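J.: Sequence:
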Amino acid sequence: RGETLATIAARYGTIVQAIVNANGLRNANLIYVGQRLTIPGKSGGSSGGSSGGSASGGKWIEVDLSSQRTYAHQGNSVARTMVVSTGIARYPTPTGSFRIYSKYPSVTMSGPGYYLTGVPHTMFFYRGYALHGTYWHRNFGHPMSHGCINLTKADAAWLYSWAPVGTLVQIHW
5 RGETLATIAA RYGTIVQAIV NANGLRNANL IYVGQRLTIP GKSGGSSGGS SGGSASGGKW
65 IEVDLSSQRT YAHQGNSVAR TMVVSTGIAR YPTPTGSFRI YSKYPSVTMS GPGYYLTGVP
125 HTMFFYRGYA LHGTYWHRNF GHPMSHGCIN LTKADAAWLY SWAPVGTLVQ IHW
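Add 4 to a position in the sequence shown, counting from 1, and you land on the number used in our numbering.
Don't read these hints as lab results, they were simulated from the structure.
All values derive from a computational prediction rather than experimental measurement.
Among the hints, erroneous ones may be present.
Below are the SDA-like pairs computed for lysine to any residue, each with C-alpha atoms no more than 25 Å apart in a straight line [claimed, not checked]:
1. 107 / 140
2. 107 / 157
3. 107 / 40
Just need the whole structure built from these sequences, with the hints factored in.
T.: Now the structure itself:
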């Protein structure tokens, strides 16, 4: 009771449209108590274990909001550590397990009080939230964003080329 496809998708690291497609739902806003849903990408035979699954070859991304650090993991090893800027209190970064669902070399982003063209190396993981390069500030290590994970341009370029669509993104305090 009280759940939505968005909260279910976030919990299982997928997107609403994938659940809609897997279940043949006609209306993404209409689910009922006790309904059984197939959650795509969560079959028991995955060879990647808990560290990211076969879709990303054991690669996974950890975002630690308390330390303003992002870690690129390959299995149990850290491939790269990056200082980032995450969401401010008014616009917090969502926590939970997600998967990168789309990547763009450059996008325009806009919201309350900002309009930014040419945002580099953007990887969306939940709704309009993304990991991306940042050219408009250099204050990494401090919350600065409207919920996205701001990376240096160099770190964003590296992460963009390293992480395929489907890579697990775990965000926590």
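J.: For each hint, tell me whether it holds in the structure or not.
T.: Against the structure, the hints come out as follows:
Proposed proximity of residue 107 and residue 140 is supported: the alpha carbons are some 20 Å apart, at most 25 Å. Distance check on the hinted pair: residue 107 and residue 157 sit about 15 Å apart at the alpha-carbon level, within 25 Å; holds. A hinted pair counts as satisfied when its Cα atoms are at most 25 Å apart, and residue 107 with residue 40 does not qualify at roughly 31 Å.
Hint 3 alone, counting from the list given before, is not met by this structure.
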